[in-house]
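These protein sequence lines are chains A and B, in that order.
If you read the first sequence in the working numbering, its first letter stands for residue 1, the second for the next number, and so on.
If you read the second sequence in the working numbering, its first letter stands for residue 1, the second for the next number, and so on.
Keep in mind the hints are simulated off the structure, nothing from the lab.
Warning: the hint list may mix true and false statements.
Repeated chains share a single entry, so a pair holds when one copy, or any two copies, can fit it.
[As the list claims (entries may be wrong)] Heads up, simulated DSS-like pairs for lysine-lysine below, C-alpha to C-alpha not over 25 Å straight-line:
id, residue 1, residue 2
1, Lys40, Lys15
2, Lys40, Lys21
3, Lys80, Lys15
4, Lys2, Lys80
5, Lys15, Lys2
6, Lys21, Lys81
7, Lys40, Lys81
8, Lys80, Lys21
9, Lys81, Lys2
There are 2 protein chains.
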Amino acid sequence: MKLLEERILTDGVVKEGNILKVDRFLNHQMDPALFLEMAKEWKRLYEGCPVNKILTIEASGIGIACITAQVFGCPVVFAKKTKTKNIASDVYTASVMSYTTGNTYDVIVSREFLLPTDRLLLIDDFLANGAALDGLLELSRQAGAEVIGAGIAIEKAFQRGGERLRRAGLRIESLARIQSMEGRRIVFCDD
Amino acid sequence: MKLLEERILTDGVVKEGNILKVDRFLNHQMDPALFLEMAKEWKRLYEGCPVNKILTIEASGIGIACITAQVFGCPVVFAKKTKTKNIASDVYTASVMSYTTGNTYDVIVSREFLLPTDRLLLIDDFLANGAALDGLLELSRQAGAEVIGAGIAIEKAFQRGGERLRRAGLRIESLARIQSMEGRRIVFCDD
Chain A
1 MKLLEERILT DGVVKEGNIL KVDRFLNHQM DPALFLEMAK EWKRLYEGCP VNKILTIEAS
61 GIGIACITAQ VFGCPVVFAK KTKTKNIASD VYTASVMSYT TGNTYDVIVS REFLLPTDRL
121 LLIDDFLANG AALDGLLELS RQAGAEVIGA GIAIEKAFQR GGERLRRAGL RIESLARIQS
181 MEGRRIVFCD D
Chain B
1 MKLLEERILT DGVVKEGNIL KVDRFLNHQM DPALFLEMAK EWKRLYEGCP VNKILTIEAS
61 GIGIACITAQ VFGCPVVFAK KTKTKNIASD VYTASVMSYT TGNTYDVIVS REFLLPTDRL
121 LLIDDFLANG AALDGLLELS RQAGAEVIGA GIAIEKAFQR GGERLRRAGL RIESLARIQS
181 MEGRRIVFCD D
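One chain only, chain A, in its complex shape (with noise of 0.2 Å):
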């Protein structure tokens, strides 16, 4: 998507160790203009799917997922992270690792709005090992839920998550796939 490449250059910035922070348009400070042409990208990417319900993962995927809802014309679920372990009957759990900080924190889900009738589109700002996503597709898999396919804002293509998951037989709709970011120069893998 031409409009999202084009603010990553603009607005984004390379850090060491492969970190690109897009905080001033995307997951810090939002602009909910940019989102909503995300969202009809992903709307007509998804054109004639089912979807139902869209489920994501606090924080940084909440806005993008709110306004996609609103295009989809479904409500959105946000799965929970929390530190503290929770058994509770009432929820889903999964563990998700997280490659950045090597913590493992768990995200739940209350029962109630996952269920085995839902046919889910899983929104979320960034792909790089899949970790974030590997946690959504196992509170769907606990609900029996069907997941249709995930919408990823910006996926690093250059890690293996996107590969991993697609060959696995999840449909993976990114709106930017970086191919390489060595030397702070940007390279989308549709240049």
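Mind docking chain B on chain A? Use the hints.
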């Protein structure tokens, strides 16, 4: 706002200890169509006010604030919760005391995203004791930004935050103000 009050009566659940669960539509599962109507109401209430940025707090304020920013045609920034003391020079930091858990946590905002020229609308899902608003006001004060007012979805008017902050001069527009919820019966201030 009748639409929100009716939704609280339909889908809200009153629990022991004056707790109102609205996670079916507001802060776990979220209804973007409702959020759009709430945003339009704040836009009407703050008509003519020079709001140029929305400020909210992680996590349950983000969805509401994002759609509100869409209606106001401005960016939105969310204050991030952090458990680690953050004294980095590039962020503003405020402490927030959660009355629910008794814990204190810090919220941070990058200095880059709060400017002395900003005219802020603060958005959050709940107002009870006002701890979250206190934190957002403190961040705004550090930045030298002007606070135009606050937009709250649900105010527990039987707790003291709203009265205290209005007395201190803050304009607060709460879309549903709850006078009492004894015996699980919810009474709104305008009933």
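Hints versus structure:
1. Lys40 - Lys15: For lysine 40 and lysine 15, neither the intra-copy (30 Å) nor the inter-copy (39 Å) Cα distance is at most 25 Å.
2. Lys40 - Lys21: Within. Shortest intra-copy distance 24 Å satisfies the 25 Å Cα cut-off; inter-copy 32 Å does not.
3. Lys80 - Lys15: Between copies only: 20 Å across chains, 28 Å inside a chain, cut-off 25 Å.
4. Lys2 - Lys80: This pair counts as neither: shortest intra-copy Cα distance 32 Å, inter-copy 29 Å.
5. Lys15 - Lys2: This pair counts as within: shortest intra-copy Cα distance 22 Å, inter-copy 48 Å.
6. Lys21 - Lys81: both (22 Å within a copy, 18 Å between copies)
7. Lys40 - Lys81: Cα proximity of lysine 40 and lysine 81: none, with 28 Å in one copy and 30 Å across.
8. Lys80 - Lys21: Both. Shortest intra-copy (23 Å) and inter-copy (15 Å) distances satisfy the 25 Å Cα cut-off.
9. Lys81 - Lys2: neither (32 Å within a copy, 32 Å between copies)
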